[in-house]
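Model the full assembly from the supplied sequences, consistent with the hints where possible.
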Amino acid sequence: MAVIELEKVRREFPDGTVAVRDIDLRIEDGEFVILVGPSGCGKSTLLRMIIGLEDVTSGTVRIDGEDMTDRQPRDRNLAMVFQDYALYPHLTVRENMEFPLRLAKREQGEINRAVDEAVAMLEIEELLDRKPAQLSGGQRQRVAMGRAMVRQPNAFLLDEPLSNLDAKLRVQMRLEISRLQDRLGVTTVYVTHDQTEAMTLGDRVAVMRKGTIQQIGTPRDLYLRPGNLFVAGFVGSPAMNFFPARVRDGRVELPMLSYDLPAGLRELGDMLEQRDVIAGIRPEHFAWIGAAGARDADVGVDDSDEAVRFRARIDVLEWLGSELYAHFHVTRGDRSGRERTSLHDVADELAEIGVRAPEEQLTVARIDPASEVTEGKEADIWLDTGRVHFFDADTGENLALTRSEPAATG
Amino acid sequence: MSSRRSYWWGLTALVFVYALWPVAWIISLSLKRPEDLTDGRFIPRSVSWDNYRSIFESDQFLYALRNSVGIALISTVVAVTLATFAAYAIARLEFPGKSVVLGGALAVAMFPQISVISPIFDIWRRIGLYDTWLGLILPYMTFTLPLAIWTLSAFFREIPWSLEQAAQADGATPFQAFRKVIVPLAAPGVFTAAILVFIFAWNDFLFAISLTSTDRARTVPAAIAFFTGNSQFEQPTGAIAAAAVVVTIPVVVAVLVFQRRVVSGLTSGAVKG
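Taken in sequence, the protein lines are chains B and A.
For the first sequence, the working numbering assigns the number 936 to the initial residue and increments by one for each residue that follows.
For the second sequence, the working numbering assigns the number 351 to the initial residue and increments by one for each residue that follows.
It should be emphasised that the hints constitute simulated quantities derived from the structure, not laboratory data.
Derived Cβ-Cβ restraints for the label pairs, each shown as a range: (1) B:Asp1329 x A:Thr523: 48 to 54 Å; (2) A:Ile599 x B:Ser974: 56 to 62 Å; (3) A:Val605 x B:Arg1037: 33 to 39 Å; (4) B:Gln1069 x A:Ser353: 35 to 41 Å; (5) A:Ile599 x B:Gln1069: 34 to 40 Å; (6) A:Gln463 x B:Glu1030: 42 to 48 Å; (7) A:Met460 x B:Gly1044: 55 to 61 Å; (8) A:Val373 x B:Gly1044: 56 to 62 Å.
Keeping only pairs whose Cα atoms sit at most 20 Å apart, straight-line, the calculated EDC-like set for lysine to aspartate or glutamate is: (9) A:Lys530 x B:Asp1064; (10) B:Lys1066 x A:Glu508; (11) B:Lys943 x B:Glu963; (12) A:Lys448 x B:Asp950; (13) B:Lys1145 x B:Glu942; (14) B:Lys1040 x B:Glu1030; (15) A:Lys530 x B:Asp1010; (16) B:Lys1040 x B:Glu1052; (17) A:Lys530 x B:Glu1030.
Glycine is no exception: its CB is placed at the ideal position from the N, C-alpha and C atoms.
See below:
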């Protein structure tokens, strides 16, 4: 059990690249914290600095209040699970799990007890005498977890532990890790590039980009109140849609429609009007309006004042059984004249994680699977204007977050 | 299919006979009685162990055997130990002059030994290494280290970094991680290097004949050249043949034993998922 504190932690490589930029982070005892971000954002480096495999250029790493910045990994009593599991190929499963205890010079009786306990918890009894080469990916994953558990470390550090598994196994192991962490109650830091893993596992999630933490909060926080364009695009699947937008005389002008600034945002009006903004709309905040004029039941909020409609031609429909995704193009009009610097910055990174830049304007809407929408035909689309996010086109910051906002529903 | 098979068998037999025929002759010679030596028969008329008995009764051969075993083993252990450390550093660390070290090592290995013999002879005479074990161990190590380093660093490079880091995270010191994880995994490489060094030291004739003068340090290949018959009318052929057979046995045994380790190590390694 341990509190992990990072204070202005920085990692510079000899060639001058900065992998981690002065990060402050406090991880509470027993907390499950996820570091998530695209490749090269410094999340793994940060994890390795916590355990001491990577040198800290400047800053302090504290574990339970004790300065560990320059201490060897073995003095920190942290356990790590590696992406490739790093099981010792020349040792059997049992020997692998005993390895940390033998190094700690524990008694044989104690070693047996610890190994048996972990083995029972992970249900790997029948694997004990095998070599890692004879194990499947999922089994290796379990053994790696077991090796981390046996010596009751202060904290678990997991570096993309599921990325080598196939999709089905990944979901299963995700649940298992979550259950295990609940049961052991050990502080856990988990690195992943997969936002679904991050959102489902973590007590808190830190979204990283270019060596900095963009935002840290509960999964719910990140989803409902993304601090900037990057977080907004990264969190959620399918990703948030982005549109160039303008606010004039209390009206929001989007490429496909314009509407009065909702009540909740009116006090922001001046600020919004002074700059170029990017509007972010999640797929579920669109809805289809049927022939009767009633919009489908899929949307929770029915504040009709803040709802507006527009027509769009549906290009592609993706039917997933419980969900239906409609893809449609929005004509841009003349609003996107200026270079959108912040979006330009994040566009490449967002593309890497599957988010389209707003220039392309292919919009995704999640609509009721019962909707009578057909590909190639026009449809009436409804937009929940109360849920539209506004970002500064230059800095990418979420403009609504500059004031305190009451927790939104659902 | 079957013609292809018989073709292969034929080829194998040919290579086998080509390689082993001289060895068979030497064995045959070593088992003949002195009076049968020149009879030209491949199968000895009667088998006699006299030649073996005589070489094991002569101090000259026993000293040579002791020198050979001692010098070859010490050269192997020291060279492989040094090469292991050097190769690990080369595989894992970035340091200035790394390519110079590797290039230099290769240059040493390519150097014709005959061209350094005379200077070494002079230097050894002057500093008292002439006709000593150390006087042979040093050149053997020098000429085998490069190959050992190249072989081992190739093996070390194959071992994922994360294994050492896992060991360190599990509470090992860097040296423990090296000893308990990396060295066992590189065992096939260590054995390969050891076998190469051992064979070089064991078989060497050039250094042994040039840098020794007495039984103090003369190894078997050199000692055989000094075999004489029991009288001036007797040829030492039988004794030479017996000594040649005896000196071959350790190499064959070493190769067979180590080869098994090398192969089993390679197949069970399976570092990658």
